[in-house]
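Trainee: So the protein lines, in turn, are chains A and B. If you read the first sequence in our numbering, its first letter stands for residue 1, the second for the next number, and so on. If you read the second sequence in our numbering, its first letter stands for residue 240, the second for the next number, and so on.
Calculated directly from the structure, the hints in this document are not laboratory data. There could be a bad hint or two in this list.
[As the list claims (entries may be wrong)] Subject to a maximum C-alpha distance of 25 angstroms in a straight line, what follows is the list of computed SDA-like cross-link-like pairs (lysine to any residue):
{"#": "1", "chain 1": "B", "residue 1": "Lys340", "chain 2": "A", "residue 2": "Ile18"}
{"#": "2", "chain 1": "A", "residue 1": "Lys73", "chain 2": "A", "residue 2": "Gly83"}
{"#": "3", "chain 1": "B", "residue 1": "Lys261", "chain 2": "A", "residue 2": "Arg34"}
{"#": "4", "chain 1": "B", "residue 1": "Lys340", "chain 2": "A", "residue 2": "His121"}
{"#": "5", "chain 1": "A", "residue 1": "Lys237", "chain 2": "A", "residue 2": "Lys73"}
{"#": "6", "chain 1": "B", "residue 1": "Lys340", "chain 2": "A", "residue 2": "Gly66"}
{"#": "7", "chain 1": "A", "residue 1": "Lys237", "chain 2": "B", "residue 2": "Arg311"}
{"#": "8", "chain 1": "A", "residue 1": "Lys73", "chain 2": "A", "residue 2": "Leu102"}
{"#": "9", "chain 1": "B", "residue 1": "Lys340", "chain 2": "A", "residue 2": "Lys73"}
[What the hints assert, rightly or not] Each pair of labels, with its calculated beta carbon distance range:
{"#": "10", "chain 1": "A", "residue 1": "Gly66", "chain 2": "B", "residue 2": "Gln339", "range": "33 to 41 angstroms"}
{"#": "11", "chain 1": "B", "residue 1": "Asp243", "chain 2": "A", "residue 2": "Pro23", "range": "34 to 42 angstroms"}
{"#": "12", "chain 1": "A", "residue 1": "Gly162", "chain 2": "B", "residue 2": "Gly338", "range": "40 to 48 angstroms"}
{"#": "13", "chain 1": "B", "residue 1": "Glu330", "chain 2": "A", "residue 2": "Ser136", "range": "16 to 24 angstroms"}
{"#": "14", "chain 1": "A", "residue 1": "Asp113", "chain 2": "B", "residue 2": "Asp243", "range": "44 to 52 angstroms"}
{"#": "15", "chain 1": "A", "residue 1": "Ser130", "chain 2": "B", "residue 2": "Gln263", "range": "22 to 30 angstroms"}
{"#": "16", "chain 1": "A", "residue 1": "His25", "chain 2": "B", "residue 2": "Leu241", "range": "24 to 32 angstroms"}
Keep in mind that this is a model prediction, so the values were computed, not measured. Every residue, glycine too, gets a C-beta built ideally from N, C-alpha and C.
Residues per chain are reported as follows:
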Amino acid sequence: MVTVSLELSGPDASRELIAAASPEHPSLLDPEHRMGALFGVVNIPNVVWIDESGAIVRPPEPGWPGGRHQMPKEMADAMPEVGRAPNAPEAPVDGPGQWDVLGSGQDRGSYGDAIRDWVEHGADSEFAMSPDEVVSASQPRSSAMSQGAAHFELANDLWRMGERDAAIEHFNASHRLQPDNWTYKRQAWSLLGRERVGGAYGQFVQMPVAGEEADWPFDSDFRSDVLVTDLGGYYPKTL
Amino acid sequence: MLLDSLDQDAKDFAAATGWEIKPQGACKGDVCVPLGPGDFDLRVAAERLGMAIVADEPRGRWALGPESVGDRALTTAEAPELVLDDIDGNEFRLSSLRGQKVLVVSWAPY
């Protein structure tokens, strides 16, 4: 196994979590989101299966080692009251709630069983795809999406250079051109959460703090976008 | 791929994108896209492979988006080379695990 942290802010943002996991496998940093450009990763956690010959047998898909966990109380207690981006889409009346959407789609509990089946049976596993199936099951990629990725790369670099306004302009462009790329959105929104809320969990506040909505520079925010996502749309079911 | 100039050589292009420039065109795995005659030209390769070029005009540089030529993120099932550092700055190549089954797990601290 290889783990890859998609985080532009530098090693310290991932260091504590990697240390806590004490990984015996390669644990890598991906500040430029190469996993997005090269493999089509658009959300986390995402897993790619690669066989002994170097062939991908399952393209990026949501995957977990076990069932769903509750948000730790300490983390829930640290969350401030939040608002919504002024330009965010309106949630549909009687639509599913945030936690309904986040908990739908891919079956977390059985994902590890599928991996174990592949480890035991290799190409004969029902979960191993043919090369053609892998390509067709990978994420859509239009020229507009390529443009979105280029904007994200500029945004990423501009943010690290301290060119915040220019970075946000390119982040917003990347979000408009790749609206289903949650990694692009969560990365950008988390930067402001880390700055404005701080602490151990500030990066999870991916929407404006209540009362500070007018100062939120992004076109939308995490909760607003989740609330306009269909059940199964956030972590699509692929197994 | 961030660029200070649109005049790039084929080697740098291949290292960043995984598309090797061969006599028959730009190739990744068993897929080759003809580039036409002449020396490598980034603009031509980008157009043929469906890679967007976005300018950051105030700073005189560009970003090259990934290929969209096959309408999917993967044009081949052959895993692309991935070269990243670990937390201590040691370079790691995904291809060094050839011969083993590999799970690449993407995560983020957000």
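Trainee: Now tell me, hint by hint, if it's right for this structure.
Mentor: Outcome of the hint check:
| no. | hint | in the structure |
| --- | --- | --- |
| 1 | B:Lys340 - A:Ile18 | 22 angstroms, holds |
| 2 | A:Lys73 - A:Gly83 | 21 angstroms, holds |
| 3 | B:Lys261 - A:Arg34 | 24 angstroms, holds |
| 4 | B:Lys340 - A:His121 | 12 angstroms, holds |
| 5 | A:Lys237 - A:Lys73 | 28 angstroms, violated |
| 6 | B:Lys340 - A:Gly66 | 20 angstroms, holds |
| 7 | A:Lys237 - B:Arg311 | 18 angstroms, holds |
| 8 | A:Lys73 - A:Leu102 | 18 angstroms, holds |
| 9 | B:Lys340 - A:Lys73 | 37 angstroms, violated |
| 10 | A:Gly66 - B:Gln339: 33 to 41 angstroms | 23 angstroms, violated |
| 11 | B:Asp243 - A:Pro23: 34 to 42 angstroms | 36 angstroms, holds |
| 12 | A:Gly162 - B:Gly338: 40 to 48 angstroms | 44 angstroms, holds |
| 13 | B:Glu330 - A:Ser136: 16 to 24 angstroms | 33 angstroms, violated |
| 14 | A:Asp113 - B:Asp243: 44 to 52 angstroms | 49 angstroms, holds |
| 15 | A:Ser130 - B:Gln263: 22 to 30 angstroms | 25 angstroms, holds |
| 16 | A:His25 - B:Leu241: 24 to 32 angstroms | 29 angstroms, holds |
The structure fails hints 5, 9, 10, 13 (numbered hints given earlier, in ascending order).
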